[in-house]
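4 protein chains.
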Amino acid sequence: MRADKRRLEFLKQDAVQGFTELIGLKPVSMKPGRFVTRIKMSRRLAQQDGFAHAGLLATMVDHTAGYAAFTLAPEDHRILTVEYKINYLKPVSGEFIECRANVLKPGRQIMVCEAEIFSITGRKKLLCAKAILTMASVPGDRVKGPKMHLRSLETRV
Amino acid sequence: MRADKRRLEFLKQDAVQGFTELIGLKPVSMKPGRFVTRIKMSRRLAQQDGFAHAGLLATMVDHTAGYAAFTLAPEDHRILTVEYKINYLKPVSGEFIECRANVLKPGRQIMVCEAEIFSITGRKKLLCAKAILTMASVPGDRVKGPKMHLRSLETRV
Amino acid sequence: MRADKRRLEFLKQDAVQGFTELIGLKPVSMKPGRFVTRIKMSRRLAQQDGFAHAGLLATMVDHTAGYAAFTLAPEDHRILTVEYKINYLKPVSGEFIECRANVLKPGRQIMVCEAEIFSITGRKKLLCAKAILTMASVPGDRVKGPKMHLRSLETRV
Amino acid sequence: MRADKRRLEFLKQDAVQGFTELIGLKPVSMKPGRFVTRIKMSRRLAQQDGFAHAGLLATMVDHTAGYAAFTLAPEDHRILTVEYKINYLKPVSGEFIECRANVLKPGRQIMVCEAEIFSITGRKKLLCAKAILTMASVPGDRVKGPKMHLRSLETRV
Numbered sequence: 159m160r161a162d163k164r165r166l167e168f169l170k171q172d173a174v175q176g177f178t179e180l181i182g183l184k185p186v187s188m189k190p191g192r193f194v195t196r197i198k199m200s201r202r203l204a205q206q207d208g209f210a211h212a213g214l215l216a217t218m219v220d221h222t223a224g225y226a227a228f229t230l231a232p233e234d235h236r237i238l239t240v241e242y243k244i245n246y247l248k249p250v251s252g253e254f255i256e257c258r259a260n261v262l263k264p265g266r267q268i269m270v271c272e273a274e275i276f277s278i279t280g281r282k283k284l285l286c287a288k289a290i291l292t293m294a295s296v297p298g299d300r301v302k303g304p305k306m307h308l309r310s311l312e313t314r315v
Numbered sequence: 159m160r161a162d163k164r165r166l167e168f169l170k171q172d173a174v175q176g177f178t179e180l181i182g183l184k185p186v187s188m189k190p191g192r193f194v195t196r197i198k199m200s201r202r203l204a205q206q207d208g209f210a211h212a213g214l215l216a217t218m219v220d221h222t223a224g225y226a227a228f229t230l231a232p233e234d235h236r237i238l239t240v241e242y243k244i245n246y247l248k249p250v251s252g253e254f255i256e257c258r259a260n261v262l263k264p265g266r267q268i269m270v271c272e273a274e275i276f277s278i279t280g281r282k283k284l285l286c287a288k289a290i291l292t293m294a295s296v297p298g299d300r301v302k303g304p305k306m307h308l309r310s311l312e313t314r315v
Numbered sequence: 159m160r161a162d163k164r165r166l167e168f169l170k171q172d173a174v175q176g177f178t179e180l181i182g183l184k185p186v187s188m189k190p191g192r193f194v195t196r197i198k199m200s201r202r203l204a205q206q207d208g209f210a211h212a213g214l215l216a217t218m219v220d221h222t223a224g225y226a227a228f229t230l231a232p233e234d235h236r237i238l239t240v241e242y243k244i245n246y247l248k249p250v251s252g253e254f255i256e257c258r259a260n261v262l263k264p265g266r267q268i269m270v271c272e273a274e275i276f277s278i279t280g281r282k283k284l285l286c287a288k289a290i291l292t293m294a295s296v297p298g299d300r301v302k303g304p305k306m307h308l309r310s311l312e313t314r315v
Numbered sequence: 159m160r161a162d163k164r165r166l167e168f169l170k171q172d173a174v175q176g177f178t179e180l181i182g183l184k185p186v187s188m189k190p191g192r193f194v195t196r197i198k199m200s201r202r203l204a205q206q207d208g209f210a211h212a213g214l215l216a217t218m219v220d221h222t223a224g225y226a227a228f229t230l231a232p233e234d235h236r237i238l239t240v241e242y243k244i245n246y247l248k249p250v251s252g253e254f255i256e257c258r259a260n261v262l263k264p265g266r267q268i269m270v271c272e273a274e275i276f277s278i279t280g281r282k283k284l285l286c287a288k289a290i291l292t293m294a295s296v297p298g299d300r301v302k303g304p305k306m307h308l309r310s311l312e313t314r315v
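Protein chains in written order, with our numbering: chain A, 159 to 315; chain B, 159 to 315; chain C, 159 to 315; chain D, 159 to 315.
Derived from the structure by calculation, the hints contain no laboratory data.
One or more hints might be untrue.
For chains that are exact copies, the list does not tell them apart, and a pair is met inside one copy or across any two.
Within a straight-line C-alpha distance of at most 20 Å, the following computed PhoX-like cross-link-like pairs (lysine-lysine) qualify [said to hold, decoys possible]:
{"no.": "1", "residue 1": "198", "residue 2": "163"}
{"no.": "2", "residue 1": "282", "residue 2": "263"}
{"no.": "3", "residue 1": "263", "residue 2": "248"}
{"no.": "4", "residue 1": "283", "residue 2": "263"}
{"no.": "5", "residue 1": "302", "residue 2": "248"}
{"no.": "6", "residue 1": "198", "residue 2": "283"}
{"no.": "7", "residue 1": "198", "residue 2": "248"}
{"no.": "8", "residue 1": "184", "residue 2": "170"}
{"no.": "9", "residue 1": "282", "residue 2": "170"}
{"no.": "10", "residue 1": "263", "residue 2": "189"}
{"no.": "11", "residue 1": "170", "residue 2": "189"}
{"no.": "12", "residue 1": "283", "residue 2": "163"}
{"no.": "13", "residue 1": "248", "residue 2": "282"}
Okay, chain A solo, but in the shape it has when bound (with noise of 0.2 Å):
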């Protein structure tokens, strides 16, 4: 019990840095199978016409899905995404940007996820895309990041 408490603290910290730190990403809850973020609506996450970028909530369906999956993976493991698909229903240009995702299947080596993204506008909540995405549990000893390597590349620059 406190131990998976604690391990969805991590994975909430976790799932800020790097890019989804850049664009804004929160958090807002999270059980076993099951993640929710959020993004503030700017300008500078907008596409040529003001709407929030495709491939910004390409970025939160990625990211939620994944997130719930790491949430049924054992500790020692990581989630790479093996693909998705994602179909645009409405434009989006709410104040809010709320990804709800759940895995569909869970899975040792594969999971199989949904997630719904809304724009909200007050207490406006619509749905406007949805994607299916399909995530592997790998070993993390078989995920060599290059962490450092881009470090030394930004030192350099």
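Position chains B, C and D against the provided structure of chain A, taking the given hints into account.
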């Protein structure tokens, strides 16, 4: 001819604003039905393991394919993303990320595009993701983006 | 009202011909925006391991979602599939296969649908696949199918 | 060498049974990482407007890509479809339908494939659909298909 060139020049500038300015997207070449963009990788674009965030790559395929479609659309049309699917073949950890997109099937209302993501380090260029995308070409007067609205939102903040 | 009922009755019959007759597809219920179909499983519908062929399930989601879209289209329109994506969650080995589809976002030209595949044995009903689909609603006079052509081809054989 | 040839010959035969026998699928060529199949079009494979049913084309991309993956899998493995996405570019009304598939990224557990559908009439060959597919390569002893079960079901009928 000259008109075409002017159009491509317009699209090259139009492609970088808001979210794509934030992530440092640069158009590198374009011709009717094709568009190529690049990003210099940095830590603020990475996910939790230091790789380029899957959402960043999705943003690149979305935007680059969208502008490939733009090159074939009437001047008074706007391009909106209907949907896409992206498969991640390898984690991206190069110095630069390149996206190459082309229109597989042009159409008055619907354009189907393909896009590929390459990780580039020195002379090494590695195919890391592939996407198929469906774009809608929409008369500009039917796309009322919230540019003003966003500006006023931010002034309030 | 009565017109609606007549329309649904027409669609129920229209849905079973050619390929869907070959695979034994049966519409089991429908209402505006929804369509449900069933197939009795048999060896001739199986793949190499004896499970229902993934292509059979794709046919069911395609057709069932297409007719869900049909229920919301003008009477003189035809529905053509733009694209879809399907995730297979579990191999299907039940006695019956059921597909439930609904329109997620209606539209004059584009309709986005969802569909689910269930494997049914006795009272056990298992979610085995899930799809998101994009359908085009097209004026009937722009869809010139090759019915006559096919008939003549077969006479020649 | 000879073993490879035997393996390909086995796959060529294995590819036609059950559902693929019903639809008249014929393997026409194969080599490691590639598979090509054909179907002669007929009315019983058509949808309501006389075109090849979208589900038939999905079956072809699924099966052809699956066997392209099979050519790279260990002999004691089976291939199961994880998911795919297919875009329909043009309705298919040719005499023959050809599907060409290749493995984009081989892997021990996951293989990503591409497949294209061509409509063929005389010497005319038209690209009509394109798909990206994710396949799982699974040890054969973990795939317990219901072959016997199906046989007994049918005896009962």
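Consistency of the hints with the structure:
In this assembly of identical chains, residue 198 and residue 163 lie within 20 Å of each other by CA distance neither inside one copy nor across copies; the values are 26 Å within and 38 Å between. In this homomeric assembly, residue 282 and residue 263 come within 20 Å of each other (Cα to Cα) only across copies, at 18 Å, whereas the closest approach inside a single copy is 30 Å. For the homomeric pair residue 263 and residue 248, the shortest alpha-carbon distance between copies (9 Å) is at most 20 Å, but the shortest distance inside one copy (27 Å) is not. In this assembly of identical chains, the alpha carbons of residue 283 and residue 263 lie at most 20 Å apart only when taken from different copies (15 Å versus 27 Å within one copy).
In this homomeric assembly, residue 302 and residue 248 come within 20 Å of each other (Cα to Cα) only across copies, at 12 Å, whereas the closest approach inside a single copy is 38 Å. In the homo-oligomer, the alpha carbons of residue 198 and residue 283 lie at most 20 Å apart inside one protomer (14 Å), although the nearest pairing across protomers, at 36 Å, exceeds that limit. In this assembly of identical chains, the alpha carbons of residue 198 and residue 248 lie at most 20 Å apart only when taken from the same copy (18 Å versus 31 Å across copies). Proximity of residue 184 and residue 170 under a CA criterion of 20 Å is satisfied intra-copy only: 9 Å inside one chain copy versus 32 Å between copies.
For a Cα distance limit of 20 Å, the shortest separation of residue 282 from residue 170 qualifies neither inside one copy, at 26 Å, nor across copies, at 36 Å. Taking the shortest alpha-carbon separations for residue 263 and residue 189, only the intra-copy value of 15 Å comes in at or below 20 Å, while the best inter-copy value is 29 Å. Taking the shortest Cα distances, residue 170 and residue 189 sit within 20 Å of each other inside one copy (11 Å), while across copies they are farther apart (42 Å). In this assembly of identical chains, residue 283 and residue 163 lie within 20 Å of each other by CA distance neither inside one copy nor across copies; the values are 29 Å within and 33 Å between.
For the homomeric pair residue 248 and residue 282, the shortest alpha-carbon distance inside one copy (14 Å) is at most 20 Å, but the shortest distance between copies (37 Å) is not.
Checked against the numbered hints above, the structure breaks hints 1, 9, 12 and satisfies the rest.
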